[in-house]
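Novice: Residue numbers (this note's numbering), protein chains in the order written: chain A, 593 to 705; chain B, 208 to 318.
Each hint should be verified, as a subset may be incorrect.
Once the Cα atoms are required to be at most 30 Å apart in a straight line, the calculated DSBU-like pairs of lysine-lysine come out as [said to hold, decoys possible]:
| # | chain 1 | residue 1 | chain 2 | residue 2 |
| --- | --- | --- | --- | --- |
| 1 | A | Lys663 | A | Lys601 |
| 2 | B | Lys275 | A | Lys649 |
| 3 | A | Lys663 | A | Lys649 |
| 4 | A | Lys649 | B | Lys208 |
| 5 | A | Lys601 | B | Lys249 |
| 6 | B | Lys249 | A | Lys663 |
| 7 | B | Lys249 | B | Lys208 |
| 8 | B | Lys275 | B | Lys208 |
| 9 | A | Lys606 | B | Lys275 |
| 10 | A | Lys649 | A | Lys601 |
| 11 | A | Lys649 | B | Lys249 |
| 12 | A | Lys606 | A | Lys649 |
It should be emphasised that the hints constitute simulated quantities derived from the structure, not laboratory data. The structure displayed is predicted, hence computed values, not measured ones.
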Amino acid sequence: NAGVTQTPKFQVLKTGQSMTLQCAQDMNHNSMYWYRQDPGMGLRLIYYSASEGTTDKGEVPNGYNVSRLNKREFSLRLESAAPSQTSVYFCASRDGSSYNEQFFGPGTRLTVL
Amino acid sequence: KQEVTQIPAALSVPEGENLVLNCSFTDSAIYNLQWFRQDPGKGLTSLLLIQSSQREQTSGRLNASLDKSSGRSTLYIAASQPGDSATYLCAVRSVGNQFYFGTGTSLTVIP
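Okay, chain B solo, but in the shape it has when bound:
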């Protein structure tokens, strides 16, 4: 069974800092990996989707990388802003139609 881990569970940084969130998974047989943002009491908003054949994807200040062989993905956020404060979740799509989520990293950006 696929296990997805996100470390750290919580992170607090001053505004303007660049930061990296980590996601690791145990089974490298994946179709893709997706990063989400979740605000308190809300649903999940898709940020980036990386296919298993890709190494990275970029959207604005966000850059996600994937190293399938080592079972790792990182989400890089440049020039963090208070509005980036949220919980960030990664999810992998394994063989079949099953998705497995990490427990998330709670990010606080201090003004």
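So that you can see chain A by itself, here it is in the shape it has in the complex:
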């Protein structure tokens, strides 16, 4: 099992450019999450998907869109990147039961110039 995979690992964008971060999991988990991690801020939830076909906003959703393509894949899109979106982005997944832990991908380091 690969667990949670993310592509790309690194990306540099110019202000105003768009891009999509990809996430996939092979654990048959129902719930998937997108976080950003910034120095001194901890991880903050951007969007989550409790099950295939549903998405909900987290703590910091502005400037982002998501798509739960199927049970395995959950993508994060930046339509018009801004320097404030420079961050490390993590995808996570979890079985939908209340008692289960989150598993994280390796992250995508995004720099917006």
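Based on these hints, arrange chain B on the given structure of chain A.
Specialist: For chain B alone, coordinates are given in the frame of chain A:
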């Protein structure tokens, strides 16, 4: 809104020492609390998950406790080793499907 705090932000100890990392949260209405380890430039690795109805969980040299009423959790690491050097994060799952993370404690174990 749930606020999660981890103190200290950084800790340095000699090898072999037992140590305690702290995590506090403001809203006691949680489903569970999870401790993670993060190595530099890497993702998060789950260490322990404590349900709201539990008092503690153990895995090897690690023991995590939870006092929901006081909004506190501790991660106890016994006989620390240089390989334990990493950042340790706690996260609480609040009502709904939202998770809130602390900013972490950076641990250095000196050989």
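Novice: Which constraints among the numbered hints does this structure fail? Numbers only, ascending.
Specialist: Per hint list: single violation, 9.
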